[in-house]
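Produce the complete structure using the sequences and hints provided.
These are the residues of each chain, in order.
There are 4 protein chains.
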Amino acid sequence: MTVRIGLIGAGVMGSDHAQILSSAVSGVELVAVSDPDGARAAKIVEMCPEARAVTAPIDLIRDSRVDAVLVASPDETHGELVLACLDAEKPVLCEKPLAASVDGCLKIIARERALDRRLVSVGYMRRFDPGYVEMKRRLRAGDMGAALIMHCIHRNVAASPSATAPMLITNSAVHEIDAARFVLDAEIERITIVTPRRTTLSGIQDPQIMLLAMDNGVVVDAEIFINAQYGYDVRAELVCEHGTITLTPPHDLTTARSASQAFAFPSDWRPRFASAYRAELQAWTKAINSGATVGASAWDGYVATAVAAAGVQSLASGQPAKVALESRPALYD
Amino acid sequence: MTVRIGLIGAGVMGSDHAQILSSAVSGVELVAVSDPDGARAAKIVEMCPEARAVTAPIDLIRDSRVDAVLVASPDETHGELVLACLDAEKPVLCEKPLAASVDGCLKIIARERALDRRLVSVGYMRRFDPGYVEMKRRLRAGDMGAALIMHCIHRNVAASPSATAPMLITNSAVHEIDAARFVLDAEIERITIVTPRRTTLSGIQDPQIMLLAMDNGVVVDAEIFINAQYGYDVRAELVCEHGTITLTPPHDLTTARSASQAFAFPSDWRPRFASAYRAELQAWTKAINSGATVGASAWDGYVATAVAAAGVQSLASGQPAKVALESRPALYD
Amino acid sequence: MTVRIGLIGAGVMGSDHAQILSSAVSGVELVAVSDPDGARAAKIVEMCPEARAVTAPIDLIRDSRVDAVLVASPDETHGELVLACLDAEKPVLCEKPLAASVDGCLKIIARERALDRRLVSVGYMRRFDPGYVEMKRRLRAGDMGAALIMHCIHRNVAASPSATAPMLITNSAVHEIDAARFVLDAEIERITIVTPRRTTLSGIQDPQIMLLAMDNGVVVDAEIFINAQYGYDVRAELVCEHGTITLTPPHDLTTARSASQAFAFPSDWRPRFASAYRAELQAWTKAINSGATVGASAWDGYVATAVAAAGVQSLASGQPAKVALESRPALYD
Amino acid sequence: MTVRIGLIGAGVMGSDHAQILSSAVSGVELVAVSDPDGARAAKIVEMCPEARAVTAPIDLIRDSRVDAVLVASPDETHGELVLACLDAEKPVLCEKPLAASVDGCLKIIARERALDRRLVSVGYMRRFDPGYVEMKRRLRAGDMGAALIMHCIHRNVAASPSATAPMLITNSAVHEIDAARFVLDAEIERITIVTPRRTTLSGIQDPQIMLLAMDNGVVVDAEIFINAQYGYDVRAELVCEHGTITLTPPHDLTTARSASQAFAFPSDWRPRFASAYRAELQAWTKAINSGATVGASAWDGYVATAVAAAGVQSLASGQPAKVALESRPALYD
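Chains as they are written, first to last, in our numbering: chain A, 1 to 333; chain B, 334 to 666; chain C, 667 to 999; chain D, 1000 to 1332.
Heads up, simulated DSSO-like pairs for lysine-lysine below, C-alpha to C-alpha not over 27 Å straight-line:
no., chain 1, residue 1, chain 2, residue 2
1, D, K1285, C, K709
2, D, K1285, C, K952
3, D, K1106, D, K1089
Think of the hints as simulated: they come from the structure by calculation, not from any bench.
Structure follows, in structure tokens:
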């Protein structure tokens, strides 16, 4: 049965999702879109003729013709919108973060527990990236032995002028936080932010190195560099007892020209994770039909926000920060 | 509007297409399937509950609830089924070859010309592979200068025991024939088959080297090796005046283990061209809705079959064979 | 003029050096060898007919027919032998470490200062590896901007049963310590050892992650893993303001076989650094003729030993350790 | 014992050899140099103080203080100089070609046979390149099965204005001719030159594709492109029954910058084959001391010249050309 989606937020991520839903996902229809900027909403309607523009997000959420909601609005609105979806008992896929604060995340978990039912997915799309999926599968296959270290790289071309040092953690490193938990099936106990020499091309502490101590002893180190200039580049290497597993930077071609052989980097995350986004939306659609959820849960969303918050403390103090998590409700086992 | 597809042929390719259509393509529904083997058809129905099994292909083609037809039946049936689709004036995507004989292809072209309308697409899926698409785009961008040579590799793990030497050309090299025309926007004038030392792992002339002389002077050389053992591996390098453009063998990971760093090859064409098949089916679906056709046309299907036939002559004679094509009707401009 | 070399130590490294000197270096002759194990010394004499076996190292050092001395004896003997070379005012190339203790290193520096002349080179061969040399040259070229982070990997196949956790630092990481100083032209202020989950294939804390804070703010992180199983693998990536510079694991071939495309790792450091050793011995020979020294100086040898000693403290305490160096004498500017 | 070398020719190749001999080869001394251009000879003498300039090459050859001769003079002088070395019964390493004509080569073979002793090596340096050597070793190891096809690429940045179409074969492809014989241990029976579309950046037939039919059935295809613009690039892939063996373009670093990750090509053959030249000169020096010869023999030099001559015929006729060789004297078994 075709799943009818309502989209909240028609900015870069929202438009991208609308475009994928309408042109590359099976069994789904975008039927409603809400954005305070009417012109942006109108663009989505133009692209998806079955979609109506709805002024108030809450009306979209409550509309009986909307089966499930995709939240791609500004970060600070996520928490309340997800709660409204839970009130309406509708599946919701919320772009990261689940909520801007740890408390906001815990409220959502409390509401899901009250419903005794999981309806929330958080858009940590790397869980659908073929590379990360295959890395996890390869680790589980067992022949590489146990994981010991995970090296990560997360580089953006150039940050917006409004970027701050904590945002390297809350906006960017948060993906490594979730990816490490996903690949390693382990929880994070301690986070340390190390501050190398800064690039002169930015006024903030950029790059940073994040160290995560997992509860099974694995150490994750991640370079976060949001003004790396040369390209959008996300890498990971998993060091195991018998060998290593490394993501390949995706590229279809190499060219030999001007004295070098090269492949190209994308300028942002969308081309890099295009197949992850498509797979995420396809899996979410399919799961809705079967009453299940996929991807990062509300619990995963909470943990990512909590670990990032501890990271911001470490950045400020220059010391390791302990990650103190609530105990995990059985609903999320 | 949802496009309703009827599938003829529920073998390896047919099942694969059904799986993609039902789980990864937007705006489409598989509504009917026909296969002489009832059990195979039943499996498709199980996967796609909206689909009915239809005994006679002709009934499927004529069914008013079928908007368009996907032909994935045995090669020798293609020609007649495509003609039946044209009789019913329905869009048809036919797996290669368009028809088993040059005459069969010409009949289809005559019928399309009589309709004065293009309804046929031929499943040369490389036209939708991100690598070939990007190679063509890069060539057209102009900064590499004119193409001069195209080197191709086409290796399969192991051929079926019934494979014959001409089948290297008609079944395998035919993809290079179409890909070269697609990338280079040029026509083939002459084909030569060179016969190297044979592998002892097969009783036939395997590998072979195919040389194509294009009408703009470009030479294409292609190694075809259907018992290459190590993996399914398709490669191409375009040599231009200012540099070269090379396909990267797709892989998500490398592993370092047992004294080497490696990436894996798939065992057949389906993983290698998974995104090409999906893109092909998505583009075809979209085109149906807008009354257009995409991919290789009936003309392209004819040329591929005609060039392969000349290649079989060259294999037999040990001499270059001229490719004598009909003149191209304006319908295919 | 041919430089006449005396070699002390005919073990793995000594034999390797003798082999290179006698078969691949210009302007040099191995004329004497000393090793407590007469059989090992005899093997060298067999390979280099111009060489005589000398029982006491001190006799070799004082022999007027020996122009310069190559020390490849056990680590704990290095300090005294280098001092004896300085007493004889002969150039000496000493395998790392310069001396087993910081005090031993300082004594050598004091003696060189008393002579007011540099005669000592320490065998940190990476300073002659084409990759590291080119990395440094590329950084100095300036177009990459300033260095910000250096990521290092140092993996051995399997450690000897007698290996201890501190030896990961004093024997292995010491190469990264010197290489970072060489590439970055900066001094180390602080070292921190992070201890990830241990491999079950060893009884010691293996792997370890070393963090170096350089005096220009650059942070160096280095994974040291001496039971990595899959191969000897040394890597480095320098992250700069405008891009990154990465060492390529050297290999002459790739093979496609058994479903994967692969290149091979060597089983130990000798093939990996064969050209570095040759270049080192060639440059040293040439420098002797011109009265100069090359490569790591006694000062560099002292710093490497001092930083490693601080690392051993950090490993024991679990805390960062400050690196307190003497002030550098003008002789080493 | 130190081998005393006389060098004839102080141009690009001669200077390069002198530089390697004097700074990177063991057991050798350049003692004489002859070049019609006194200034060029003087530069060599400056670099190698033991060397004297000698006006007449014949005096250099006859000089009793010269043990062996290195011929790096213009191509058309090679034949006579090698004959003079044979008259003097001195080992000679002659840059390719052995002689400009097939007859010139046969005269040298006749003279060696008369002496009943091999003194001639021809400078086909790829026989000492680590990649080609390893490719041959890997093939001989046997686990890849028999070789079936060898694909070769030979690209130069830009040809001199005086280059002609036949020179692609006689100057460039001649290296592939020798390398194929070396790797495959097989003889060439037929050569065909295929002429693709020409680059507009040159007035001659460039590129060309050379096909060699070996006497064991292996087919070698080689693209020769001497105005390839982007870099000096030599590649080879050996296709065997169980897999393939491919040369890796040597590079020490990759850089990520300006939206791409790249490695650099050299601008000419000297950096690409630097280790081959060093190994060749080292092996030749060592062989002289033991009375042996290494590398390509006079017979190999003759075959290369004869095959290239047949290739020039094929280029002119547009037809395959049979390679008719003398029968190989036992001296060259």
